[in-house]
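Novice: Please take these sequences and the hints and turn them into a complete structure.
Chain order of the listed sequences is R and V.
Under numbering that gives the first Met the number 0, the final residue of the first sequence carries the number 191; numbering is consecutive throughout.
Under numbering that gives the first Met the number 0, the final residue of the second sequence carries the number 191; numbering is consecutive throughout.
Hint data in this document are derived by calculation from the structure and do not stem from the laboratory.
You may find that some hints are simply not true.
If chains are identical, the list can't say which one is meant, so a pair holds when it fits in one copy or spans any two.
[What the hints assert, rightly or not] For lysine-lysine, the following DSSO-like pairs were computed, each having C-alpha atoms within a straight-line distance of at most 27 Å:
id, residue 1, residue 2
1, 25, 162
2, 124, 93
3, 124, 41
4, 182, 41
5, 147, 162
6, 108, 124
7, 124, 110
8, 124, 38
9, 147, 25
10, 110, 93
11, 162, 124
12, 162, 41
13, 124, 1
14, 41, 147
15, 25, 182
16, 147, 1
17, 110, 162
Here is what each chain is made of, one letter per residue.
Protein chains: 2
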Amino acid sequence: MKNRVITISREFGSGGRTIGRMVAEKLGIPCYDAEIIEKIAKESGYSDEYIRTEGEGAQDRWLSNIFSNRAMGPTNQDTIWVIQSRIITELSEKGSCVIVGRCADYVLKGKADLLNVFIHATPEKRAERIVREYGERDTSPLERIREKDRRRAAYHRFYTDLKWGHAQNYHICLDSGELGLEKCSSIIASLF
Amino acid sequence: MKNRVITISREFGSGGRTIGRMVAEKLGIPCYDAEIIEKIAKESGYSDEYIRTEGEGAQDRWLSNIFSNRAMGPTNQDTIWVIQSRIITELSEKGSCVIVGRCADYVLKGKADLLNVFIHATPEKRAERIVREYGERDTSPLERIREKDRRRAAYHRFYTDLKWGHAQNYHICLDSGELGLEKCSSIIASLF
Numbered sequence: 000m001k002n003r004v005i006t007i008s009r010e011f012g013s014g015g016r017t018i019g020r021m022v023a024e025k026l027g028i029p030c031y032d033a034e035i036i037e038k039i040a041k042e043s044g045y046s047d048e049y050i051r052t053e054g055e056g057a058q059d060r061w062l063s064n065i066f067s068n069r070a071m072g073p074t075n076q077d078t079i080w081v082i083q084s085r086i087i088t089e090l091s092e093k094g095s096c097v098i099v100g101r102c103a104d105y106v107l108k109g110k111a112d113l114l115n116v117f118i119h120a121t122p123e124k125r126a127e128r129i130v131r132e133y134g135e136r137d138t139s140p141l142e143r144i145r146e147k148d149r150r151r152a153a154y155h156r157f158y159t160d161l162k163w164g165h166a167q168n169y170h171i172c173l174d175s176g177e178l179g180l181e182k183c184s185s186i187i188a189s190l191f
Numbered sequence: 000m001k002n003r004v005i006t007i008s009r010e011f012g013s014g015g016r017t018i019g020r021m022v023a024e025k026l027g028i029p030c031y032d033a034e035i036i037e038k039i040a041k042e043s044g045y046s047d048e049y050i051r052t053e054g055e056g057a058q059d060r061w062l063s064n065i066f067s068n069r070a071m072g073p074t075n076q077d078t079i080w081v082i083q084s085r086i087i088t089e090l091s092e093k094g095s096c097v098i099v100g101r102c103a104d105y106v107l108k109g110k111a112d113l114l115n116v117f118i119h120a121t122p123e124k125r126a127e128r129i130v131r132e133y134g135e136r137d138t139s140p141l142e143r144i145r146e147k148d149r150r151r152a153a154y155h156r157f158y159t160d161l162k163w164g165h166a167q168n169y170h171i172c173l174d175s176g177e178l179g180l181e182k183c184s185s186i187i188a189s190l191f
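Specialist: Okay, here's the thing in structure tokens:
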């Protein structure tokens, strides 16, 4: 039987990562976010092996970072995508869990019993939140949000060919600014 | 104080109207759908008055149906839009309620304390449902869905300038095919 896995896609500053942790805590299952997955990739030595066998363009990381070009083979980002996808699949096979970000909804399609969630909020609410969580920067919070959203949408589109933030791609979408993190996490946990 | 109003936008065949009724029943408040709003418009004589005063192009309904053209003034559809918007606003002022369809989320923006919901499901699930609910037709259920969705999206886009089915436009979006009508209606009612 496939494990039940909750994937959380989220707009920058919407509190999706925090909601993921809250859901996992309520359910007593682990929560993996982008940082954790990256850490696992580094620690496991997986990345080195994969870079040798799959990431032709990545042998010389410094050079390939500069000359990253898909016409010359997979980019570093492509290699990282392959490694992360493998790790996400392995984590989902270990047991039920929450996975935040990294297009886990797409990676695990058909491999796990998925509940795909999208968390969003108005730019104003997210701007408030990122200043509270990460502090002020040179660029305005609204600019930081726009930039980050653009990157996430492009990344998502490139690797999954799905439209970012399209309700039809998720089982449930929640406005965390309107509903609050606690209510969002209870609803998601109740659907597990 | 503004009344709490739940608006439900929905894909054709997703069971949004049924969910609306279930939510209203749970909460003990009325539910108005497109059919009811149309009926109110006809019974109230509102339509006649409005057609006279606002719907210049609609005096001769037969003619204006044939020569419906915005360059010549508002179309019949525009007149109906104005009437329905007025009725939706009046209903929301009477007390808390559920309103299904008719772009009520847009019409009531700023006028009510809104919870905006979008209900969707995969085309396969919706095809099953419309055959069960409305029976077979000459055209295949998947074609009927595509046609109806296209119309709703175009109508919504024209009158609201918002993108149909974009998660960011709603407080909560639910996949009724995956979650089931009962679960969807309980979640919505819990957010009232």
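Novice: Which hint numbers does the structure go against, in order from smallest to largest?
Specialist: 1, 2, 3, 4, 8, 9, 12 and 16
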